[in-house]
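Construct all of the structure, not just a fragment, from the sequences and the given hints.
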Amino acid sequence: MSGDPVLGGTAVTLRDGTGGVEVLLVRRPDRGSFAGAWVFPGGVAEESDRTPETSEIEIARRTAIRETEEEVGLRIRDLVPLSCWSPPPEAPKRVRTWFFLTADAEGDLHSAAAEVVDAVWLTPGEALARHAEGALSLFPPTWVTLHGLTGRGTAAEALAAAGEPARFRTRLRHAEKGLTSAGQVFLWEGDEEHPDSPGAVGARHRLETGAGPWRYVRD
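According to UniProt numbering, the sequence shown holds residues 1 to 219 in order.
Simulated from the structure, these hints should not be mistaken for lab results. Glycine is no exception: its CB is placed at the ideal position from the N, C-alpha and C atoms. Don't take every hint at face value.
[To be verified] DEER-style ranges, computed between Cβ atoms:
no., residue 1, residue 2, range
1, ARG94, SER55, 15 to 23 Å
2, ARG204, GLY163, 15 to 23 Å
3, ALA200, GLY163, 16 to 24 Å
4, VAL201, SER111, 47 to 55 Å
5, ALA156, ARG204, 30 to 38 Å
6, GLU157, ARG218, 14 to 22 Å
7, LYS93, ARG50, 33 to 41 Å
8, GLY183, THR150, 15 to 23 Å
9, GLU192, ARG50, 33 to 41 Å
10, THR51, GLY212, 44 to 52 Å
11, ALA162, SER55, 17 to 25 Å
12, GLY183, ALA113, 27 to 35 Å
Laid out in structure tokens, this is it:
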């Protein structure tokens with residue numbers, strides 16, 4: 001089991017499109033963390049993001065701002081906290097990551113070759129559909145975030161709906177045979193099987209993953 005997670009920040013950058021709100025996704029190189037996956041710009045906190053008495057969420061916010069400019073050339077402001085994701089104990093690299101929403105981006109989109117292979121604006125529904133088809137790879141925090149943004153007509157609507165930041169303390173188990181989405185099951189607080197914060201009998205807060213379309217269930 002790894003030690004305490006390091007801190008990270010990620011920016012979910014939005015814009016209004018003809019088919020509804022669009023989000024910026026970047027594809028990582030086929031090496032390192034999230035190899036080949038499509039994610040939101042972000043990374044781990046550096047010393048430059050920290051000052052004495054700075055709160056964790058502010059450090060993560062600075063990280064998201066810095067990483068977005070470094071990776072795709074966009075200068076972002078007015079970040080709204082959306083969620084905080086804690087990795088499972090067995091994760092080989094443990095980063096506790098704050099996700100922020102923003103629709104205030106300036107600059108020309110260009111990718112840092114060492115960190116980003118490609119960058120694209122998609123509606124959340126398009127991204128999830130491509131994932132289900134196997135056309136792009138997503139990790140659970142990205143998938144669940146896109147799922148939550150599906151159906152939002154504008155960036156302003158998505159920002160207004162953000163509310164109190166959600167916390168996801170992840171635990172894993174393997175799916176039982178016979179499930180449509182065979183594979184790992186990601187459990188979060190409120191699910192009856194979450195070992196630290198279980199809900200009532202039968203309660204669900206989980207993502208069932210596998211070869212077919214993933215299934216997010218939350219009571």
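Violated hints, by number in ascending order, as checked against the structure: 7
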